[in-house]
Amino acid sequence: MKIVNRRWINKAAVAAAMAFVVMGAAMSSAAAQEKITVFAAASMKNALDAANKAWSAEAGKEVTASYAASSALAKQIESGAPADVFISADLDWMKYVSDKKLVKEDTKSNWLGNRIVLVAPKENAKPVDIKQGFDLAGLLNGGKLAMGAPDSVPAGKYGKAALEKLGTWASVEKSVAGAESVRAALALVSRGEAPYGIVYATDAAADPGVAVVGTFPENSHAPIIYPIAILSESKAPDAAAYLEYLKSAKAAPFFEKEGFTVLK
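Just so we're aligned, residue 928 is where the sequence shown starts under the numbering used here, counting upward by one.
Don't take every hint at face value.
Keeping only pairs whose Cα atoms sit at most 20 Å apart, straight-line, the calculated EDC-like set for lysine to aspartate or glutamate is [claimed, not checked]:
1) Lys1162 with Glu989
2) Lys962 with Glu1160
3) Lys972 with Glu1107
4) Lys1177 with Glu989
5) Lys1101 with Asp1078
6) Lys980 with Asp1165
7) Lys1174 with Glu989
8) Lys1071 with Glu1100
9) Lys988 with Glu1171
10) Lys1002 with Glu1107
11) Lys1071 with Glu1120
12) Lys962 with Asp1165
13) Lys1177 with Asp976
14) Lys1177 with Asp1165
15) Lys962 with Glu989
16) Lys1162 with Asp1033
17) Lys1002 with Asp1078
18) Lys1092 with Asp1078
19) Lys1022 with Glu1032
20) Lys972 with Glu1171
21) Lys1035 with Asp1165
22) Lys988 with Asp976
23) Lys1028 with Glu1160
The calculated label-pair distances, taken between Cβ atoms and stated as ranges, are [what the hints assert, rightly or not]:
24) Glu1032 with Pro1150: 20 to 26 Å
25) Pro1009 with Gly1069: 41 to 47 Å
26) Ser1159 with Ala981: 24 to 30 Å
27) Asn1051 with Ser1006: 39 to 45 Å
28) Ser983 with Glu1032: 24 to 30 Å
29) Arg1118 with Gln1003: 24 to 30 Å
Because the hints were derived from the structure by calculation, they are not lab data. Here the structure is a predicted model, which is why all the values come from computation and not from measurement. The C-beta atom is built at its ideal place from N, Cα and C for all residues, glycine as well.
Let the sequences and hints guide you as you build the complete structure.
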């Protein structure tokens, strides 16, 4: 009768199990590198979702987008959150991650432009002449002015700068409902929780519950520029091809449709 060494069988089983775990981890890592993860400003959602869907269909690759205020995304990148591409709604937060050596400098470029507008719930929308000294406090009539947090969220920073230039900020500062992102500010107006809000033109176009009642003069704030770059820690082999697609003439209509300007 053949005698089986049980100790040898147990060692072999353990070795096989460990090999399976290592192989599974390697496959998982490879799959993660095949997928592209994008950290993008909240105002990008509609346009970028459409572009990502088109690129995935064309390239056969998966794209996952995480949307939030540029400030929050930059802090997440600084903390080591795994991502391949960063799209900021202003130059400051791209500079923040760039100064920390977190982006591949040769991939960084100024990609899109936008405008800021004053919005109101659609049923109460009346045109507002946005000019020097316009009475925004009177329009609010005790209500809140929804906008991104003025000290961190890009749309809020642009909005504050414009109101300061127009001599209106001091009269409405205490009425500001500073939201965590421009989309959160938009939602306050759309739900009727704030009579007015300052958002990007692209966000206003994405919500049927609001109407644009005025557009801020371009000379009332710094140019609104969306920079894009691949992150230093990206291991995705298709990140460069994805970036090239987004900046191509083929993808431009997705962004122009939502109101962005494609910068040359």
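Status of the hints after comparison with the structure:
no., hint, result
1, Lys1162 with Glu989, "holds, 14 Å"
2, Lys962 with Glu1160, "holds, 14 Å"
3, Lys972 with Glu1107, "holds, 15 Å"
4, Lys1177 with Glu989, "holds, 19 Å"
5, Lys1101 with Asp1078, "holds, 14 Å"
6, Lys980 with Asp1165, "holds, 15 Å"
7, Lys1174 with Glu989, "holds, 18 Å"
8, Lys1071 with Glu1100, "holds, 10 Å"
9, Lys988 with Glu1171, "holds, 14 Å"
10, Lys1002 with Glu1107, "holds, 14 Å"
11, Lys1071 with Glu1120, "holds, 8 Å"
12, Lys962 with Asp1165, "holds, 8 Å"
13, Lys1177 with Asp976, "holds, 15 Å"
14, Lys1177 with Asp1165, "holds, 17 Å"
15, Lys962 with Glu989, "holds, 5 Å"
16, Lys1162 with Asp1033, "holds, 16 Å"
17, Lys1002 with Asp1078, "holds, 15 Å"
18, Lys1092 with Asp1078, "holds, 16 Å"
19, Lys1022 with Glu1032, "holds, 11 Å"
20, Lys972 with Glu1171, "holds, 19 Å"
21, Lys1035 with Asp1165, "holds, 16 Å"
22, Lys988 with Asp976, "holds, 14 Å"
23, Lys1028 with Glu1160, "holds, 10 Å"
24, Glu1032 with Pro1150: 20 to 26 Å, "holds, 21 Å"
25, Pro1009 with Gly1069: 41 to 47 Å, "holds, 46 Å"
26, Ser1159 with Ala981: 24 to 30 Å, "holds, 27 Å"
27, Asn1051 with Ser1006: 39 to 45 Å, "holds, 41 Å"
28, Ser983 with Glu1032: 24 to 30 Å, "holds, 27 Å"
29, Arg1118 with Gln1003: 24 to 30 Å, "holds, 27 Å"
The structure is consistent with each of the numbered hints, conforming to all of them.
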